[in-house]
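Undergrad: Protein chains in written order, with our numbering: chain G, 1 to 278; chain D, 1 to 265.
Warning: the hint list may mix true and false statements.
On the chain G side, residues computed to face chain D include the following (Cβ under 8 Å) [said to hold, decoys possible]:
(1) Gly-11
(2) Arg-31
(3) Gly-34
(4) His-42
(5) Ser-46
(6) Ser-113
(7) Leu-116
(8) Ser-120
(9) Thr-270
(10) Arg-273
Sample of chain D residues lacking proximity to chain G, with all beta carbon distances greater than 12 Å (derived) [what the hints assert, rightly or not]:
(11) Gly-74
(12) Asn-83
(13) Pro-123
(14) Leu-149
(15) Pro-165
(16) Ser-170
(17) Gly-199
(18) Gly-213
(19) Tyr-234
FYI, nobody ran anything at the bench for these hints, they're computed from the structure. Here the structure is a predicted model, which means the values were calculated and not measured. A virtual CB, placed ideally from N, CA and C, is assigned to each residue, including glycine.
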Amino acid sequence: MDIAEHMLRTGSRGFRDDLARAVDDLRRSVRGLGLSWSLAWHDVVSRYRGSILGPFWITLSMAVMVLGIGFLYAELQNIPLETTLPFVALGIVFWGLISQTVIEGCESFVQASGMLSQTSLPMLTFVWRTVLRNLAALLHHLVIVVAVIAGFGLWRTMDLPLALAGVGLVLVNVSWMCLLTAIISARFRDIPQIVMSIMQFSMFMTPVFWQPGERVGLMDVVLTWNPFFHMLDAIRAPLMGVAPEASTFSVLIVMALAGWVVAFGLFTATRRRIVHYL
Amino acid sequence: MSRSAKPPTAPPRPDQAFISVRGLTLRFPVYGYDAKSLKKHLARVAVGGRLDQARHGSTTVTAITGLDLELRAGDRLGLIGHNGSGKTTLLRALSGAYEPDEGQIEVRGKIAPLLDLSLGIDPTATGLENIRLRGRIAGLSARQVEDKLDEIAAFTGLGPFLAMPMKTYSAGMQARLAFAVATAVEADVLLMDEWIAVGDADFQKIAHQRLLGLVERAGILVLASHDLDLIRLYCNKVMRMDAGVGSEVVSIKAMDELLARPSVR
Numbered sequence: 001m002d003i004a005e006h007m008l009r010t011g012s013r014g015f016r017d018d019l020a021r022a023v024d025d026l027r028r029s030v031r032g033l034g035l036s037w038s039l040a041w042h043d044v045v046s047r048y049r050g051s052i053l054g055p056f057w058i059t060l061s062m063a064v065m066v067l068g069i070g071f072l073y074a075e076l077q078n079i080p081l082e083t084t085l086p087f088v089a090l091g092i093v094f095w096g097l098i099s100q101t102v103i104e105g106c107e108s109f110v111q112a113s114g115m116l117s118q119t120s121l122p123m124l125t126f127v128w129r130t131v132l133r134n135l136a137a138l139l140h141h142l143v144i145v146v147a148v149i150a151g152f153g154l155w156r157t158m159d160l161p162l163a164l165a166g167v168g169l170v171l172v173n174v175s176w177m178c179l180l181t182a183i184i185s186a187r188f189r190d191i192p193q194i195v196m197s198i199m200q201f202s203m204f205m206t207p208v209f210w211q212p213g214e215r216v217g218l219m220d221v222v223l224t225w226n227p228f229f230h231m232l233d234a235i236r237a238p239l240m241g242v243a244p245e246a247s248t249f250s251v252l253i254v255m256a257l258a259g260w261v262v263a264f265g266l267f268t269a270t271r272r273r274i275v276h277y278l
Numbered sequence: 001m002s003r004s005a006k007p008p009t010a011p012p013r014p015d016q017a018f019i020s021v022r023g024l025t026l027r028f029p030v031y032g033y034d035a036k037s038l039k040k041h042l043a044r045v046a047v048g049g050r051l052d053q054a055r056h057g058s059t060t061v062t063a064i065t066g067l068d069l070e071l072r073a074g075d076r077l078g079l080i081g082h083n084g085s086g087k088t089t090l091l092r093a094l095s096g097a098y099e100p101d102e103g104q105i106e107v108r109g110k111i112a113p114l115l116d117l118s119l120g121i122d123p124t125a126t127g128l129e130n131i132r133l134r135g136r137i138a139g140l141s142a143r144q145v146e147d148k149l150d151e152i153a154a155f156t157g158l159g160p161f162l163a164m165p166m167k168t169y170s171a172g173m174q175a176r177l178a179f180a181v182a183t184a185v186e187a188d189v190l191l192m193d194e195w196i197a198v199g200d201a202d203f204q205k206i207a208h209q210r211l212l213g214l215v216e217r218a219g220i221l222v223l224a225s226h227d228l229d230l231i232r233l234y235c236n237k238v239m240r241m242d243a244g245v246g247s248e249v250v251s252i253k254a255m256d257e258l259l260a261r262p263s264v265r
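Just chain D, with the same shape it has in the complex:
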């Protein structure tokens, strides 16, 4: 992909969400089991030698190479690509968890990473306690959590079960609660790893409505998925990733052409 091929984009309005990723390269040092043991690390230093270095040295995996991405308010980007192509890594980088090795990531607006619903959920705590805790982790103040508590509790539909520990819940009930809290936070930038679908048929319907509302209000959605129909349904732009290299961002109408390419590299 060449940078010059991209159409020049107007500078974002200061009050609107935007994402700007330039030349992003992310490398993961993989610390082998051996390298994690200090004794062996010391032994390696003491022994020196190339053989040991090869055996115990940490390897580096390049997860994303030279990726460029510009998104403005109103953009709904679908990320497609094989397993291990770097979609989730890109989402995590956009969430601010990973620091770039090269290039830069700039995001304006409140980010809500809905990557893992079970994040911060403690199965031994009650439903209500988990709502409070998860809300705090998502960036709400204690007061904001209390303000939203009734609404979230009502949405879960769990009623008296909210006073019971989460571990007594069925998987579906747990998912309902996690979903209700995770989607209670208004955000400008929504990051999703697969469209979230939880609960039984009835709940799925209202969950879908809630999620759509959230997406409507958010400036930007980045959704990684293998489900192309889903991408067609919710996104207006699409980007294909291949072994850590991103294609240019194209309109959703051009998705088939993008897919037809042997490789984006």
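The shape of chain G in the complex, shown without the other chains:
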């Protein structure tokens, strides 16, 4: 974590130079990941100050939702509870990680305007802060995950390394989404609303609660072209002891690369001006 010991700032010298500066920001922010974590953990602590359960309130409300929706959808879709409940539980927990990170990504820079306008802290520090904050929240919700894994004997069939790889890929993907929404919503203040609508819409279009049936017609479109389906499936399927779709991991890798190129390109192009947006 450094306030640069040697600092050189110049007017724009073209894209290559700007790119080098953006990479330098990235490098410094990764070296200062400890600061991001301190800020993230402070966010978690301060958000639930004075409450007894703290972040476990969200866990508890998720658990209630899991039970309610689990029983309802088991009935509605005529699927045995043993499959529906773990499916819904894992769906809700990991969907929470994805959608909260993207939604809270909008505030990453806006919230940090004070620090960004009078220190040389790397900007990406505040993107990592959002991602790490949601990772900290996930750690609390793991209670639910562990409960269904133990309660429904998923540990006998699950592929934990693959699921962890899925979590890793999902984090890489939500990170670029976080950066993208952070930049755009610093400039245009309506973006958080739009992002929230998109995420809500996506929740219903993604098999978070409902089990996908046969891949025909609209269902095939929804599953193939919905990035969030692949993100969710990469974590949930291995935990359920099911092989994820053959394409899922390649989709996630391609999406991570393409997404980072776009988000980092935008970051490179706007980095000088972001502080003025705030």
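Given chain G, work out where chain D should sit, using these hints.
TA: Positioned in the frame of chain G, the structure of chain D alone reads:
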């Protein structure tokens, strides 16, 4: 101001702090309320037209124009000038927050911007938590913060109140804590927007001592102030800013002549 009029300066020794600003120009795009709404932005693109452009287009304010500044270890620069002359903007640029539009800023040494004491302070968190958080933001590692914690806590003089949330503090107590943390970081380059004076009479005295010590140890001080006596007291050089244009840096003894000029432009 002409660049050739300045005396040639010796290259800085590699182990010493220096500030070198050359031809710095800073422009702020001001995004009007209208321009910040995407819908209207899209509407503007769709409609096109000069009228809309004039109404919704962002304006640019030039805060600093072609500023040159060379400081070496031992320099204590006072920045003077009217409100809006660019003093704070220059300090923020020196802190590394603003990127130049033209020219360059080079600073060697650890920079401590003491521009806003409340930076990173969370009123719902306790005093101790705020010390930790603020220390981390100022660039200390978690271990360094723990090492300094006792010293900072003792300096605030808040005792058992450090375990209470900051929002229960009086304004003076909050300022004590903020001051204690902000000044706990050793730095080579100190940036200050007005001399910091906080707390009651007793605290002001020890705060003053602490700040002086910090300034002594720092290589370079840049202090923006409207208080000329203060500048005379702490600075050995002075620069006047006028509508974003900086004068040359003169010795503090020549401050009256600098002030007597109608404009530095």
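Undergrad: Non-interface claim for Pro-165 (chain D): all C-beta distances to chain G beyond 12 Å?
TA: Non-interface label on Pro-165 (chain D) violated, nearest chain G Cβ at 8 Å vs cutoff 12 Å.
Undergrad: Does Gly-199 (chain D) sit more than 12 Å from chain G, CB to CB?
TA: 22 Å, holds
Undergrad: Decide, holds or violated, for the assertion that all CB atoms of chain G are farther than 12 Å from the CB of Pro-123 (chain D).
TA: Given a closest Cβ separation of 10 Å, the condition is violated.
Undergrad: Quick check on the hint: His-42 (chain G) CB to chain D CB, less than 8 Å?
TA: Cβ of His-42 (chain G) sits 6 Å from chain D, so the hint holds.
Undergrad: Classify the hint on Gly-11 (chain G) as holds or violated, based on whether any CB of chain D lies nearer than 8 Å to its CB.
TA: 4 Å, holds
Undergrad: Going by Cβ atoms, does Asn-83 (chain D) stay more than 12 Å from chain G at every point?
TA: At roughly 18 Å from the nearest Cβ of chain G, Asn-83 (chain D) sits farther out than 12 Å, so the non-interface label holds.
Undergrad: Would the least Cβ to Cβ distance between Ser-170 (chain D) and chain G come out above 12 Å?
TA: Ser-170 (chain D) clear of chain G: closest Cβ-Cβ about 21 Å, beyond 12 Å.
Undergrad: Could you check if Ser-46 (chain G) really has its C-beta closer than 8 Å to a C-beta on chain D?
TA: At about 6 Å, which falls below the 8 Å cut-off, the nearest Cβ of chain D leaves the hint on Ser-46 (chain G) intact, so it holds.
Undergrad: Against chain D, is Ser-120 (chain G) within 8 Å by beta-carbon distance?
TA: Because about 3 Å separates Ser-120 (chain G) from the closest Cβ in chain D, which is inside the 8 Å limit, the hint holds.
Undergrad: Min Cβ distance, Ser-113 (chain G) to chain D: is it shorter than 8 Å?
TA: 10 Å, violated
Undergrad: Less than 8 Å between beta-carbons is the criterion; does Leu-116 (chain G) satisfy it with respect to chain D?
TA: Holds, because the Cβ-Cβ distance from Leu-116 (chain G) to chain D comes to roughly 6 Å (cut-off 8 Å).
Undergrad: Holds or violated: Arg-273 (chain G) as interface residue toward chain D, Cβ cutoff 8 Å?
TA: Result: holds, 6 Å to nearest chain D Cβ.
Hint compliance for this structure: hints 2, 6, 9, 13, 15 are not met, and every other hint is.
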